[in-house]
Amino acid sequence: MTTPERSAADSAAAMKPDDPSPEDLWSGHSRLLACRELAIAVVLAFCAVVTVLTTLGILLVLSVQTVEFFMESKVGILEFLLGTELRPDATPPKFGILPLAWGTFAIAFGSSCIALPIGLLSAIYLSEYAPRRLRSVLKPALELLAGIPTIVYGYLALLLVTPVLKAIFEPLGIRVPQFNALSACIVVGVMIIPLVSSLSEDVLSAVPRGLREAAYALGATKFEVSTRVVLPAGLSGVVASFILAISRAVGETMAVVLAAGMLPQITLNPLESLETMTTYIVQVISGEASYGTAKYLSLFAVGLSLFVITLGLNIISGLVLRRYREVYQ
Amino acid sequence: MSETAAPRFRPHRMIRSLLGPIFGAACLLATLTGVIVLVVLLGSILYAALKGKPDNPWYAIGANLRELWGLVRTVALNRQSSDPAAAGYRVGIVGSLWLLGLVALLAIPVGVAAGVYLEEYAPQGRLRRIIQTNIANLAGVPSIVYGILGLALFVRAFGVKALALGPCLLAGALTLSLLILPIIVITTQEALRTVPGSLRQAALALGATRWQMVSGHVLPAALPGIMTGTILGLSRAIGETAPLLMVGAAGAIRKLPRGPLDRYTAVPVEIYNYAKEPDRMFQTISAGGIVILLILLLSMNAAAIMIRNRFQRFQ
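So the protein lines, in turn, are chains A and B.
For any residue, its number in the working numbering is found by taking its place in the first sequence, counting from 1, and adding 387.
For any residue, its number in the working numbering is found by taking its place in the second sequence, counting from 1, and adding 980.
Derived by calculation from the structure, the hints in this document are not laboratory data.
The structure presented is a predicted model; accordingly, all values stated were derived computationally and were not measured.
Any given hint could turn out to be false.
Said to hold, decoys possible - For the chain A half of the interface with chain B, some residues (derived, Cβ under 8 Å), not all of them:
id, residue
1, S414
2, C434
3, T438
4, T441
5, T442
6, A488
7, I505
8, I580
9, F610
10, M641
In this text, a Cβ means the ideal position worked out from N, Cα and C, and glycines have one as well.
This is chain A alone, in the form it adopts within the complex (with noise of 0.2 Å):
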C-alpha cells in the first residue's frame, strides 16, 4: 500500500462519522470582544509610551530652561563651558561649570581607583573561586549593599569616615576639613562596588566551562585560567560594568551633599572641599533664590550636562557590551 493512498483512506475514515454542518463550527470571536481587545492593547502600548515621554519630558524641560537661562543671565554657551568661576551670589554673578564638572570628575575618579579593582577582585571570586555554599551567603550581601539608600552612606561619611581620616591625618600636620572630597570618594567607592562585582560576575559566570576546561587541560593553573581565559572573554560586559559605575558615581547626589560639601573650586588636594554638579543643583533648589532668576535657572543648565554626561557613558556603555561581546553558542 503506498503513502498517499493510505492517507486518503485516513482521511475519508475521519470525515466519515459526522460532517459538522457550518453552525456548529465556532465563529470566531463576537465583535464586542475584537473591540475590548483593541482597546486593551491601546491602554498597553500607551504605558509603554509613557516611557518614551518622561525621556521626551525631561530633555523639553532641560533644554528650554537652559535656553531660559542663557537668555536671562546672558551668559554665553563658551563662558558657561569654559568659565572657571562660579559665584552665583557675586554682582556680576558668574556661571562656570568648571569648577562643578572638576568636582564631579574627581569624585567619580577617586571613588572608581576604590570599587573598579574591588569589584572586580570580587567577581572574579564569585565566579571562579567561591564554593557554591559561600556565594549563597554572599550574594545577597553584595545586594543588600547595593540597596542600602544613599543618604545612609552620606551620614556614614559624616560620622564614622571623616573623623577617621582626621585623626590619620591631623596628626601628622594635615588640616582636615569637615567636609572633604577623599571622604565622599570613599563612601561613594563603596556605593557603587555592589554594582560592579554583581553585572561583571554575571558576565564571568556566563562563559562557557568548556573554555575553563581546555585552559586547564592545557596545564594552567586556577589563577591562569581566571586572569587570561575568563575575564579576556567576559570583558565587553566588565569594562560595560565600569562604565556604569561611573555614570552612577557622577549621577550620585546625597553622599556627595553630605560628604564633599557645596566649595566650587578646582584643586588637586583630595582632603579638599569640592562641589559637584549634584550638589550644586541641591545648593540652588535649597537656597532661597526666586523662581525665574539666574541664579534659579543655572539649576536646569547644570541638570542637562549632567544628563548628557551620564546619557553618553550609558550609551557608551550598552554599545560596549553589544559591540565587542564575544558570543558562544
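Given chain A, work out where chain B should sit, using these hints.
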C-alpha cells in the same frame, strides 16, 4: 639540527604555585570588603543610635535592644524640631507611607502594563526597539534629574498656575513613579520571559483571546517575579532623597498630611535635615531615623526574597 634556537619550555612551577593562592586570597579579601563594610555600617549606626543614653557595654544585648526600641519609639512619635530632645520623624513616616501607597497605585499598573505590552503585544520592530533602548537608558538617569523633571512638570507646570500641583504629595509621588517605572518594566519583562511558551499556545489553542491568555494564564504565572521586582522598585522609591528635595519636601513641616494635595516630608529628607545639623546631639536622632528606614527597607527586601524563593516555579 640544533635545538637551541627554539625557546625552551619553562614551567616556573614555584612562581605559579605561589601566585595562585595569593591572587585567590586577594579576591576573597576584596569580596569580604563588601561584607565588612555592611557590618561596619550597621554597627556604627547602631552605636550612634545608642550613644548619649545610659551606657551599657556592647555585649549587654538585651539592655541595648531595649534602649534602641525606646529611641525608635521616641523619634517615631515626635515631630520635626530644632531641639534634639523633641525631634523626631512622625510627619516623615506618615509622608513616606502616603508616598509608598500613591507610588504603588501609580507606578505598578503603568509599569506592569508597559512590560506586558513589550513582551506580549508589541510586534518585533522599530517601535519596540526604540522603547526598549529608551527604558534601558532611563534606568541610568540620575535620580536628581527626575527631581528636576518633577519640579518643572508637576510642581510648576512650566509656570501655568492652573495645572501646577505645588509641592504636594501627589507631585512627589508622580516624580518617584517615573523614577521607578523603568525598574518595574524591566523586571516585569524578565518575569514574563520565564513563563513557558507552551502555556500561551495552549490558551490560544483553546480559543482564548490574547488578553484572556495574558490575564488568565501568563500574568498569574509571572506574578511572583513581578511582585519581587515591584517591591524592590518601591523600596528604591522609599529610600530616595534627592528627587524629593527638588519637588519641595524639604521644608520644616509639622502638620500631618491628610490628602494627596497636602504638603509633606519624608523620612530620608528629615534624616538629611538632621544630619546637616552641626549639633552632635542630632547624630543620635539621625541614626534613629536611619534605623527606622532600614527596618522598613529590609523587611520589604526580605518579603521580596521570600516571594521569589517560595514561588520559583518555572526556573
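Hint-by-hint comparison with the structure:
1. The beta carbon of A:S414 is not positioned within 8 Å of any beta carbon in chain B (closest approach about 11 Å), and the interface hint is therefore violated.
2. Given hint, A:C434 at the interface with chain B, holds; its Cβ is 4 Å from that chain's nearest Cβ, closer than 8 Å.
3. Using the Cβ-Cβ criterion of 8 Å, the hint placing A:T438 at the interface with chain B is satisfied: the shortest such distance is roughly 5 Å.
4. Given the 8 Å rule on beta carbons, the hint for A:T441 holds: about 5 Å separates it from the nearest Cβ of chain B.
5. For A:T442, the interface hint holds, since its Cβ comes within 8 Å of a Cβ in chain B; the closest pair sits about 5 Å apart.
6. The beta carbon of A:A488 is not positioned within 8 Å of any beta carbon in chain B (closest approach about 15 Å), and the interface hint is therefore violated.
7. At a threshold of 8 Å, the smallest CB-CB gap from A:I505 to chain B is about 5 Å, leaving the interface hint in force.
8. Interface hint at A:I580: satisfied, since its Cβ lies 6 Å from the closest Cβ of chain B, which is below the 8 Å cut-off.
9. Residue-level restraint check for A:F610 holds (minimum Cβ-Cβ distance to chain B is 4 Å; threshold 8 Å).
10. Evaluation of the A:M641 hint against chain B yields a held restraint, the C-beta minimum of about 5 Å falling below 8 Å.
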